[in-house]
Amino acid sequence: MTRSFVSAAQLGLLSCHVCGLLSRPSAARHRTSCPRCGSHLHARKPNSIARTWALLIAAIILYVPANALPVMETSSIFGEQEDTIMSGVVYLWSSGAWPLALVVFIASVTVPLAKIIALAFLVISVQRRSTWQPVQRARLYRLVELVGRWSMLDIFVIAILVALVQLNALATIRAGPAAIAFGAVVVLTMFAAMTFDPRLIWDAQETRDGSS
Amino acid sequence: MLYRSRADSIERSLALTLAAIVLFVIANLFPVIGLEVQGERIETTLFGTVRALYDQDRVLVAALVCLTTIIMPAVELGAMAYLLIPLRLNQTPPAAALVFRMLGLSRPWGMVEVFMLGILVALVKLAQLAGVLPGIAMWSIFGLMFILAAAASAFDPRALWARLERKS
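Chains as they are written, first to last, in my numbering: chain A, 1 to 212; chain B, 213 to 380.
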């Protein structure tokens, strides 16, 4: 593979994540900060792999109660009803609003799961110093970053329903115990995506090119 | 595409930021959705949803909703206005670097567009239960979703730093 670029790290330069300035770190100091905006500088995000794993594992553990426990509890004159994420989707589907059912299904079931799998795959591929399809993997990472926030959809729906449906005798809706677990999964996977350093994908490529 | 420079990025992003601030204020002051049951009318504002979760002891969920729909968008808009207004008036805002970093931190956590979709899903769910009345805030959140995205994409950090550094 012939390359027409060099990385900042190869030139002994650091780029700032926050303001984008490229600077040469002073060798004397252990911890450098950006001369322009003052953010901490590092060639690669510190302990990226270990941190991403820790957050991912926490997300995987919480994914179980998030889906198994009720996310919403409705009590009405017809009795009590508990809804999980999935039963909420089924309810929307059976009431004829299938385009919305599909949107909610993608946002609350597919996206969190796909995100966890995709991030685990990326971290494992980086750990194995894989040189397989780096462009596709970089694209996958961008997709994960872009799409993750949409999983908050269900939390917002519950928040609105809880605020409105307080009709003392007729019906009340309460947020279930899964709501916080689900919110935590979204937040943890967002942090996991942030701590993962996509430049690690290209580093394996670089060392292989260098040695050949 | 990596980067495209536009000469009037500061003016454009400032105009969009100010428009977004107006919509954000309206979105917070007026009810998002109302419900009509047996002649009785129940409405909720953006903060009302946070309040309802808090009252049910779902404090963390309440905090998460408050953070993503109110605090973070407010920080993002405030930071952009704080940086752009003085630059437009040919002045340097103090602690610009700190505010710039806050802006970067707030961006991923402001979820106005996701909340908008949440309103739509809630509308459909509630329509089967009772008469629903979309509130003023719903329309301003709808507009805010687009204008905030436009303001963020018009905001050009390079142009900002170029002007800040020319001043100092």
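The hints are simulated quantities; they were obtained by calculation from the structure and are not laboratory data. Even glycine gets a Cβ: it sits at the ideal position worked out from N, Cα and C. Where hints are given, some of them may not hold.
Simulated crosslink set (SDA-like; lysine to any residue; CA at most 25 Å straight-line) [stated by the list, open to error]:
#, chain 1, residue 1, chain 2, residue 2
1, A, 45, B, 369
2, A, 45, B, 316
3, A, 45, A, 5
4, A, 45, B, 310
5, A, 45, B, 368
6, A, 45, B, 320
7, A, 45, B, 263
8, A, 45, B, 318
9, A, 45, B, 321
10, A, 45, B, 311
11, A, 45, B, 354
12, A, 45, B, 309
13, A, 45, B, 317
14, A, 45, B, 358
15, A, 45, A, 145
16, A, 45, B, 319
17, A, 45, A, 64
18, A, 45, B, 313
19, A, 45, B, 373
Label pairs and their in silico Cβ distance ranges [said to hold, decoys possible]:
#, chain 1, residue 1, chain 2, residue 2, range
20, A, 78, B, 252, 28 to 36 Å
21, A, 99, B, 343, 54 to 62 Å
22, A, 128, B, 377, 41 to 49 Å
* Do the alpha carbons of residue 45(A) and residue 368(B) lie within 25 Å of each other, as the hint requires? -> holds, 24 Å
* Asked: Taken at face value, is the distance from the CA of residue 263(B) to the CA of residue 45(A) at most 25 Å?
  -> Roughly 37 Å separates the two Cα atoms, so the pair is violated.
* Asked: For the pair supplied as a hint, residue 45(A) and residue 310(B), is the alpha-carbon distance within the 25 Å limit?
  -> Roughly 20 Å between the alpha carbons, so the hint for residue 45(A) and residue 310(B) holds.
* Take a quick look at whether residue 45(A) and residue 319(B) sit within 25 Å of each other, Cα to Cα. => holds, 19 Å
* Starting from residue 45(A), check that the Cα of residue 321(B) is at most 25 Å away, please. => Since the Cα atoms of residue 45(A) and residue 321(B) sit roughly 20 Å apart, the hinted pair holds (cutoff 25 Å).
* Asked: Holds or violated: are the alpha carbons of residue 45(A) and residue 145(A) at most 25 Å from each other?
  -> holds, 16 Å
* Taken at face value, is the distance from the CA of residue 311(B) to the CA of residue 45(A) at most 25 Å? -> Given pair residue 45(A), residue 311(B) holds - Cα atoms ~22 Å apart, limit 25 Å.
* Is residue 45(A) within 25 Å of residue 5(A), Cα to Cα? -> Satisfied, since the Cα-Cα distance of roughly 21 Å is no more than 25 Å.
* Asked: Given a hinted range of 41 to 49 Å, is it respected by the beta-carbon distance of residue 128(A) and residue 377(B)?
  -> Distance hint for residue 128(A), residue 377(B) holds at roughly 43 Å.
* To do: Decide if the proposed pair is consistent with the structure: residue 45(A) and residue 317(B), CA atoms, cutoff 25 Å inclusive.
  => At roughly 16 Å apart (the allowed maximum being 25 Å), residue 317(B) and residue 45(A) satisfy the hint.
* **Given hint residue 64(A) paired with residue 45(A) - CA-CA distance at most 25 Å** => Outside the cut-off at roughly 29 Å; violated.
* Asked: Taken at face value, is the distance from the CA of residue 354(B) to the CA of residue 45(A) at most 25 Å?
  -> violated, 36 Å
Against the hints set out earlier in the document, violations occur for numbers 7, 11, 14, 17, 20, 21.
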